[in-house]
Amino acid sequence: MITQEEKDDERLLPILREISKAGTPYGEEPDPRYWSNFRVRVMERVEAAEIRRQPLASRLWQWITERPLRAGAVGFSMAALVLAGVLTNPFATSQKDVAIVQPAPQMHHDTVVTTPAAKPLALPEHVITKPSIDVADQQQIASTNRAVTKMLHSKEYAAHLQHAADASKPSMAEADQSVSTVTASASDLPVSLNELTESQLESVLHSLEQNK
Amino acid sequence: MAFHQEYLLLTDEELVALFHKGERHGSFTVIVERYQKRIYFAARRMMDGDHDEADEVAQDTFVKAYEALEGFRGEAKLYTWLYRIMMNAVIQRSRKKKSRRTVGLEGVENTVETGEISAHDQLVQRETTKIIEKAIETLPPKQREVFLMRFYDELPYEEIANISGTSVGGLKANYFHAVKKIGEYLHQYGKIAPEFMASFNASV
Chain A
1 MITQEEKDDE RLLPILREIS KAGTPYGEEP DPRYWSNFRV RVMERVEAAE IRRQPLASRL
61 WQWITERPLR AGAVGFSMAA LVLAGVLTNP FATSQKDVAI VQPAPQMHHD TVVTTPAAKP
121 LALPEHVITK PSIDVADQQQ IASTNRAVTK MLHSKEYAAH LQHAADASKP SMAEADQSVS
181 TVTASASDLP VSLNELTESQ LESVLHSLEQ NK
Chain B
1001 MAFHQEYLLL TDEELVALFH KGERHGSFTV IVERYQKRIY FAARRMMDGD HDEADEVAQD
1061 TFVKAYEALE GFRGEAKLYT WLYRIMMNAV IQRSRKKKSR RTVGLEGVEN TVETGEISAH
1121 DQLVQRETTK IIEKAIETLP PKQREVFLMR FYDELPYEEI ANISGTSVGG LKANYFHAVK
1181 KIGEYLHQYG KIAPEFMASF NASV
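From first to last, the protein sequence lines stand for chains A and B. Quick note: the first sequence uses the working numbering, first residue 1, plus one each step. Quick note: the second sequence uses the working numbering, first residue 1001, plus one each step.
These are computed hints drawn from the structure, not numbers from a lab. All values reported here derive from a predicted model rather than from experimental measurement. Misleading hints may appear alongside valid ones.
[Stated by the list, open to error] If the Cβ cut is set under 7 Å, some of the chain B residues that face chain A in the computed set are: (1) G1049; (2) Q1122; (3) L1123; (4) V1124; (5) T1128; (6) A1173; (7) F1176.
[Unchecked claim] Output of the computed footprint for chain A on chain B, the stretches with three or more beta carbons under 8 Å from beta carbons of chain A: (8) 1005-1012; (9) 1027-1038; (10) 1059-1072; (11) 1076-1082.
Heads up, the beta-carbon is just placed ideally off N, CA and C, and yes, glycines get one too.
Only chain A is shown next, with the shape it has when bound in the complex (with noise of 0.2 Å):
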């Protein structure tokens, strides 16, 4: 019993010789050389698939491990770089050469800079300010502290101060409540005009007039 199958395939027969006697289509054959590189070529595009699927450090190792002369040159081509970097930064200088300079936020001042040259490793620079006076300023505020101190210490101001505290001595009970306060004054004499009251002052004034 013939198939359907087998029918079309006797009919189809003269068609299919016909075509087997005309050859392959497309069937030129590259050149020779073509079939010895074409595996080549594969497998390179392989490899650099696999390269491009690893990491990078796994990717520089190899690089590395296959090219150490290279590898080496380029290192050392970096480490020169950053040297020389480091040797020619501008901003980079020594410690001892530093001087920090905090400007005046009002007026000018003189600036005063003091550096640790011997200890390199000391605490930070300090650095110290005082305002710009004339020679002559400064002259006379050396005297009048002198001659305010040495009133301070006379026997002259101690009695006045002790007249001034019997003239404002408050009630006993006034007293009982300010003993603290009164304690703490004793302790702290004078040492400044800036720590006087308003009629002490006009007391060193009167006996520095007195006293010239």
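Once you have looked at the hints, place chain B on chain A.
Frame of chain A; chain B shown alone:
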């Protein structure tokens, strides 16, 4: 890149097993060596004879095969599996290319006119080949694929069905119509006797 001559004696299954064991480059190099021509020419027929396109497709096929061979478990023959990868590469490339290259029959006629008498038989054969190439190019894609796989690559219908995802019955119908159209084309150029084509058409 080492090429192991001793691997040439191994079967496909043994080469794949070797690949799975970690001898990837050595075994795969032999697989490439074994199938490069068949894959190249199959690709070239699919790409209308363009050597450069066929070369690209064939290389893509093997590179993709290397990446996927780890998962190959031998459900199909190795060549069938490679062929399927090649067909996918052809489809991808054809989509990129969009328009297929068309070849006029001027080349066929010129070949006949400029042929030498001493090489007459060769020229006749060459002429027929060109006509067949042109006939194949005019086929619908499905018929064309089936015809090339069945007639030139000699794949059984079951494997073609596996590659193309079409039923065996549908493939046989496509193959029949493809051969008939090529016969008609050959008849137009006097390569098949008129009485044969008449009887062929009458019997269909």
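Structure-based check of all given hints:
1. Interface restraint check for B:G1049: the shortest CB-CB distance to chain A comes to about 4 Å, inside 7 Å, so the restraint holds.
2. Evaluation of the B:Q1122 hint against chain A yields a violated restraint, the C-beta minimum of about 10 Å exceeding 7 Å.
3. Against a cut-off of 7 Å between C-beta atoms, the interface hint on B:L1123 is violated, since the closest Cβ of chain A lies about 12 Å away.
4. A distance limit of 7 Å between C-beta atoms decides the matter here; for B:V1124 the minimum to chain A is near 9 Å, and the interface restraint is violated.
5. Interface hint status for B:T1128: upheld, as the beta-carbon distance to the closest one in chain A is roughly 4 Å, under 7 Å.
6. Hint on B:A1173 is violated. Least Cβ distance to chain A is approximately 9 Å, over the 7 Å limit.
7. Because the closest C-beta pair between B:F1176 and chain A is about 5 Å apart, less than 7 Å, the hint holds.
8. A stretch counts as covered by a chain when three or more of its residues have a beta carbon under 8 Å from one of that chain; for the stretch 1005-1012 of chain B and chain A the count is 0, and the coverage is violated.
9. Residues of the stretch 1027-1038 of chain B lying with their CB closer than 8 Å to a CB of chain A number 6, which satisfies the three-residue condition for coverage.
10. With a threshold of 8 Å between beta carbons, the proposed coverage of the stretch 1059-1072 of chain B by chain A holds, since 5 of its residues qualify and at least three are required.
11. Given a C-beta distance limit of less than 8 Å, the hint that chain A covers the stretch 1076-1082 of chain B is violated, as 0 residues qualify and 3 are needed.
Hint compliance for this structure: hints 2, 3, 4, 6, 8 and 11 are broken, all remaining hints hold.
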